[in-house]
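These protein sequence lines are chains W, D and F, in that order. Mind the numbering: the first sequence is residues 1 to 636 in this note's numbering, read in order. Mind the numbering: the second sequence is residues 1001 to 1102 in this note's numbering, read in order. Mind the numbering: the third sequence is residues 2001 to 2511 in this note's numbering, read in order.
Any given hint might turn out to be false.
[Claimed, not checked] Looking from chain F toward chain W, a few residues come up when the C-beta cut is under 8 Å (computed):
1) Leu2008
2) Met2364
3) Gly2365
4) Gly2369
5) Gln2373
6) Pro2392
7) Gln2409
8) Val2417
9) Ala2419
10) His2442
[Stated by the list, open to error] On the chain W side, residues computed to face chain F include the following (Cβ under 10 Å):
11) Ser60
12) Thr62
13) Phe392
[To be verified] Over the 12 Å line for every Cβ pair with chain W, so calculated as not near, a few chain D residues:
14) Tyr1006
15) Leu1021
16) Arg1027
17) Glu1038
18) Ala1043
19) Gly1056
20) Tyr1086
21) Val1096
Just so you know, these hints were derived from the structure itself, not from any lab. Owing to the predicted nature of the structure, the values given are computational and were not obtained by experimental measurement. All C-beta atoms, glycine included, are put in the ideal place defined by N, C-alpha and C.
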Amino acid sequence: MLEWIGLLPAFPLAGFLALVLTRGNLPRRIAGVIGVGSIGLSFLLAILISIEFLGSGLESHTQLLWTWMSVGSFTPGFSFYLDGLTVVMLLIISGIGFLIHLYSTGFMADDPGFARFFSYMNLFVASMLVLVLADNLVLLYLGWEGVGLCSYLLIGFWYDNPANGYAARKAFVVTRVGDTSMAIGLFLLFQQLGTLNIQEIMTLAPQQWSEGSGVVVAASALLLGGAVGKSAQLPLQTWLPDAMAGPTPISALIHAATMVTAGVYLIARTHVLFELAPSVQLLVAFVGLATLLMAGFTALTQRDIKRILAYSTVSQIGYMFLALGVGAWSAAIFHLMTHAFFKALLFLASGTVILSLHHEHDIFRMGGMRKKLPVAFWSFVIGSAALTALPFTSGFYSKDAILLAALEQPQYGTLLWLGGVLGAFLTAIYSFRLVFVAFFGEDHTQDAPAHHSHDHAHDDHHHGPVREITGFVMAAPLVILAVLSLVGGFIHVPVDSVFGVHEEHHASTLVHGFMIAVPIVGVLISYLLYSGAPQGRGLQQWLKSVRESAGGGALMRFFFSGWGMDKLYDFLFVRPFIALAQLNRRDLVDQFYGLLVELARIGNRAIVLTQTGYLRWYAISLIGGLVLVIGIGVWA
Amino acid sequence: MPSIPYEHGLILAAILFVCGLIGVLTRRNIVFILMSLEIMLNACGLAFVVGSARWGHADGQIMFLMILTLAAAEVAVGLGLIIQMYRRFHTVDISVLSEMKG
Amino acid sequence: MIVVWLILILFVGGALAWASEALDSRLPRLTALIAMVFSLIFVVMLCLDNFPDQLSPGGQWLVLEKWSWIARFGIFLQVGVDGLSLLMLVLTVFLGLMAIGAAWHEITERPGFFYFNLLWTLAGVVGVFTALDLFLFFFFWEVMLIPMYLIIAIWGHENRAYAAMKFFVFTQVSGLILLIAIMCLAYFHFVQFGRFSFDYFELQNVVLEGRFQMLVMLGFFIGFATKLPAFPLHSWLPDAHSQAPTAGSVLLAGVLLKTGAYGLIRFAVPLFPEAAADFAPVAMTIAVIGILYCAKLAFAQTDIKRLIAYTSVSHMGFVLLGVYAWNIYGLQGALMTMLAHGLTSSALFMLAGGLQHRFHTRDMGKMSGLWAQLPMMSAMALFFSIAALGMPGLGNFIGEFLSLLGAFQANHAAAIVAALGLIFASVYSLWVIQRVFHGPYHTPNHSTDCGSEPARDDPHNHPTDLSRAELLCYSAMALGLVWMGMYPQTFLAMAEPTMSYLLASLGEVLP
């Protein structure tokens, strides 16, 4: 089977081509079959390949399809590399991709751009598979940019609303900043090592560079730049919340389960470089920590159901970065996997909610949906439990591994651990805030809109009756993902051979108990604050007073705006760029040539003045000239 | 026969030439301009004759004959132009012909 | 002989096209098309005949022919084709076909003379890409300019006289400087070897003192950099492009700009290795400034053709960067950028021309949300914009990536700053898509001040999507870009012997 590895991205690519070349003229049923079927085939193949690969005991398998280009010693190929890490990523991408495609056939059933949607989705899966299969960094970059493009296309899928277009462009440009950093990293690596083949780099790097040498620090820092862009970590995290403008399945697939974790994959894939640059690796940990806390605080204040989930995604990827930064590579990949399960579940469930409530995003205009939307409710409960890392859910095991690894970090272990636990506490509060506000209490769906979130997918709110929209195609993925979210913690991630270490973390019972207790306390607080329970009056009053006090209100607004990062970037980059563009719309250089033309024109006018048309004027100048010339001839 | 010093002849030619030049520059009537031009041509002719007398060489006198024929031709063309101009503008004032100014 | 036939077909075809107008006004375009198809056949024959068996390192010339012309000044009719020239010829003939396609319905006034100019420009370009005698080179250099001037001046848009004059003055002045430099070189050959020579190979033996070499090299550089165009000399391009008819823009952006880059690779560096090496940091700085400055300017434009014109300047900066990096990555990158940019910019200009044809305006502010009405056209615009911003898998990426890779070896700072151009490229490319094709549907009013032309049809209310012929053109170009992006080896292998030869002959001089 292993030689068929090239077909993995080929199926979705063929699906994309089929959908594009028919220009949306296919009947929906056939378009859906092509869109979903191509991913399904990939998934089947991925399973077969994984079984064979894991059974064979091979460490890795490389398959060269063709040499992409051969320039000097630069010979990257369309060449796929399979090892434990790739297998995990392949299964996540094709498996969850398949479920989300299936769900989308229901979610997008009435959309006029049905075929276009699936063509983009298929292209996305193809690019993502290339990204994780690539055996060299250039091919990885192809996948990397490809997923960015699909992300752009899908965020702006409902293109008639300029806000969506803005969000899409923002996502693309902000990640491109990271991509450019990564590209420079590739140039540096190639110049130093003469290859961009990942495995060769991993072998050569320790031979060529000592730990902490300047070049390896620069190279890994540049790669980190790419990773923070794609994975929406500080300081390039601003695009992800806005990316929620796209259809909800997109948010589930691209902006939660797969693409945004590409940064984590990149760092894990090039972990040798980061191990050689401890300062950068520490930076990774602190970037993760800062992001997870920032996003956690922001998520506490959001009203839009998808923005809450978006910030929680940012925060959870922060955990993965934290894990990478403390060298817990397999814990990071483990969390990547469990996060893919439960975040896809949460997003798909939120899609059901949004669709059932006629494109309502504001959780404070839901309320009491527990009875009306039972499937979504249970999905949310299970997903939130896993997200919060309540015991025995999948998130519990992965987050536990990360926090324990953080505690073992020699220099800043305690700090990182405390930050991570605080983040877990915030996670508990904001995720169950969503559950309690949206699914418990009074029904607010008929309230007058108090606050218009700007990124509603559709502006037309038909306030019809609330009826849960679930067919088989939409319910089945939810159920499967819910099961995975619960039991996913027991899946063994076969990556030990990739990272060369088997990670096991031990901690005292006290630490363990504390880590179990914190999320539960968080859920309780959330219950008291948001479910409207009478026991929580005091707390609710306190929250209200904080929100109404000047300082508290300002802090809330500060958190709500994502810590003012958007404004900051607007002020630092966007405005100066636009001002500069406005200022020099007419091209200064062209003005310089205009000046030359003007000078010539002035000279022309001056000389034209001498041409009076009077004969005697010409005669006098003739004679004057003659006298002058003779005079010069005689006396000079 | 006492010969006239050639300086006198040249001075006369120069005076004639300047007279003609002043005429060309100051007159507005095109007929007078043409006449002044003739005076200038004749001044040149005189200078040639004086020169040939001074060096005892016939070239200057041949030159004078050429100038004479040239002047005749020039007058013919010039008068033709004047007639055209008169027909067109009903005047012989040269300053109406300043359309070529820039 | 095949090269001579190629040039003759174009010259004669042009003359026939002009003559045939007297019979029927639809004949010229047919004549032109037939001539182009014949030249395509010749070029393909050239590819198949000699490739790749004769293309061995050291003997990189597929065709090398020489006839006497003005022997007493050492001027010969000397033409040669190697991999580099051949690729440029393929590009030229292919885009020539596209240009005829773009002009097919657009040019209704004096079609005979138009196609005459079109084919003569192409003949000049083919000559430039094949001439190995510098006098002959200069001859063709001028041949391609004057018909182009006429194309802009006669069939251009509202401000055509100004644009055509600007184009003419810029290219003519720089051409004059180039001529002086060529003459100097021939003169120095006379001083050193006792006879004049314009032969490319003989002139490589001329030894020039440091300062003279720099001056003569600068003459070549200015001549080619104006054509490229490089940063401070670029300002003719936006005007020429925005005023030229679509076919003119296609030729300008796709082919004529490439003659500048070709000249740099073929002449400006190999003839003056030391001076070029000294000059490399300056040239790379110019390239970087051009990339960023023109990307920024592109973003500020409202006229869609001006915008694309500025992006052209920005992309040609990568070519300049790659050439002066002067290593195999930089050179191959420059070559790929030339080929890919030829296709993308031509396609984008054709799309802009299509929009102007449909809405009689080039002002992006007046169109919006066209995707709903023109899905195919919008998809094509999206594709080519994405290609222009350097999406991997398409040709432009290969070019820009290799250029930057090469530049990074030579000059870290220049490559890093130039890489920022990738970000800017995404900003302006996506901006166009947003402005024109996304957003709520809106088309311009009937009365427009920009690009006002007599209405040829009435598409205001029901704009028509791409016709089958248009679709064919765009698909061919898109396919070419995918080919370049997924298997650039076809092209890289063709140019490899030439590039290696150039590098080996003076590789030790340059960094």
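Practice task
Say whether it holds or is violated: D/Ala1043 keeps its Cβ farther than 12 Å from all Cβ of chain W.
Solution key: At roughly 14 Å from the nearest Cβ of chain W, D/Ala1043 sits farther out than 12 Å, so the non-interface label holds.
Practice task
With chain F as the partner, please determine if W/Phe392 meets the hint condition of a C-beta pair closer than 10 Å.
Solution key: Check failed: Cβ of W/Phe392 comes no nearer than 43 Å to chain F, outside 10 Å.
Problem - Minimum Cβ-Cβ distance from D/Val1096 to chain W exceeds 12 Å - result: The claim is violated: D/Val1096 sits with its nearest Cβ about 10 Å from chain W, within 12 Å.
Exercise for the section: Compute the least Cβ-Cβ separation between D/Glu1038 and chain W, then decide whether it is above 12 Å. Expected result: Correct as stated: the minimum Cβ-Cβ distance to chain W is 15 Å, above 12 Å.
Practice task
Over 12 Å to the closest beta carbon of chain W is the bar; see if D/Gly1056 clears it.
Solution key: holds, 28 Å
Exercise for the section: With chain W as the partner, please determine if F/Pro2392 meets the hint condition of a C-beta pair closer than 8 Å. Expected result: At 4 Å from the nearest chain W Cβ, F/Pro2392 passes the 8 Å test, so the hint holds.
Handout entry: Agreement of hint W/Thr62 with chain F interface, Cβ distance less than 10 Å
Key = violated, 19 Å
Exercise for the section: Say whether it holds or is violated: D/Leu1021 keeps its Cβ farther than 12 Å from all Cβ of chain W. Expected result: It is violated; D/Leu1021 is separated from chain W by about 7 Å at its closest Cβ, not greater than 12 Å.
Handout entry: Status of the hint placing F/Leu2008 at chain W (closest C-beta pair under 8 Å)
Key = Since the shortest Cβ distance to chain W is 36 Å, the answer is violated.
Exercise for the section: Would you check whether F/Met2364 satisfies its interface hint, that is, whether its CB is within less than 8 Å of any CB in chain W? Expected result: This interface hint is violated because 13 Å lies over the 8 Å limit.
Exercise for the section: Would you assess whether D/Arg1027, listed as outside the interface, keeps its beta-carbon beyond 12 Å of every beta-carbon in chain W? Expected result: violated, 8 Å
Problem - Cut-off 8 Å, beta-carbon criterion: hint that F/His2442 touches chain W - result: violated, 11 Å
Going through the hint list in order, the structure does not satisfy hints 1, 2, 3, 5, 8, 10, 11, 12, 13, 15, 16, 21.
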